[in-house]
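**Q** Listed in order, the protein sequences are those of chains A and B.
By the numbering used here, the letter at position 59 of the first sequence is numbered 40, and the numbering carries on one by one without gaps.
The number in the numbering used here is simply the position in the second sequence, starting from 1, with 1184 added.
If you're looking for bench data, these hints aren't it; they were derived computationally from the structure.
Don't take each hint at face value.
[Claimed, not checked] Here are a few chain A residues that face chain B, going by a calculated C-beta distance under 10 Å:
1) Asn22
2) Ile32
3) Tyr42
4) Gly86
Using N, Cα and C, we set each Cβ at its ideal position, and we do this for glycine too.
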Amino acid sequence: AQSVAQPEDQVNVAEGNPLTVKCTYSVSGNPYLFWYVQYPNRGLQFLLKYITGDNLVKGSYGFEAEFNKSQTSFHLKKPSALVSDSALYFCAVRDIKAGTALIFGKGTTLSVSS
Amino acid sequence: DSGVTQTPKHLITATGQRVTLRCSPRSGDLSVYWYQQSLDQGLQFLIQYYNGEERAKGNILERFSAQQFPDLHSELNLSSLELGDSALYFCASSVATTGGPYEQYFGPGTRLTVT
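Using the sequences and the accompanying hints, generate a full structural model.
**A** Below, the structure is given as structure tokens:
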């Protein structure tokens, strides 16, 4: 069965420091991976996606993600965190058994302190 | 603003009742998805429509149904509501259903509270 796992419920980082939000996946075949962010009382916003090719994917708001096939990981990163980055982050994989629907991880709350 | 609209924002109703949630996709998007977000189940895919036709089903209960109309807006119907149906219901849209993968754009959600 396909799945994504986000091993950390919460990540705390100081403003200006680099941040990493972890995601591992389990899929059969080539994975199509996504990161979304959810601010309080808002819908999910698309950050970036990995299809194929370059293992480092750049996305919105200065975020990037590193795809690692051998470790089946797709970690979200940002070189310098902002307080405004504090939100709930979701990793997702395309569900090949359900058209183009997404299977989401349980989410990681990122808290950036000033 | 994603361009996906959902109404109503909030809905409070009693057990056993029926409600309808509405979604308008981004201009040009043919594919509509419905997701349920709850504390215990997380974000779960319910159902997908593409250009008026059902394309995929996820963990959707038999009490729930959906449709997509010729103008591409979609409605999610929830009936015989139970307390456990209380959740945030999201609609998302994307440009297509094959090829891609195309990112999905999410609406602000409808918060359903069943009392």
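**Q** Next, verify each hint and record whether it holds.
**A** Structure-based check of each hint:
Annotation: Asn22 (chain A) was flagged as interfacial toward chain B, and the flag holds, the nearest CB pair being 8 Å apart, inside 10 Å. Hint on Ile32 (chain A) holds. Least Cβ distance to chain B is approximately 6 Å, under the 10 Å limit. Of the supplied interface hints, the one on Tyr42 (chain A) is violated, with its beta-carbon coming no nearer than about 15 Å to a beta-carbon of chain B, more than 10 Å. For Gly86 (chain A), the shortest C-beta to C-beta distance to chain B is roughly 8 Å, which falls under 10 Å, so the interface hint holds.
The structure is inconsistent with hint 3 alone, although it conforms to all the rest.
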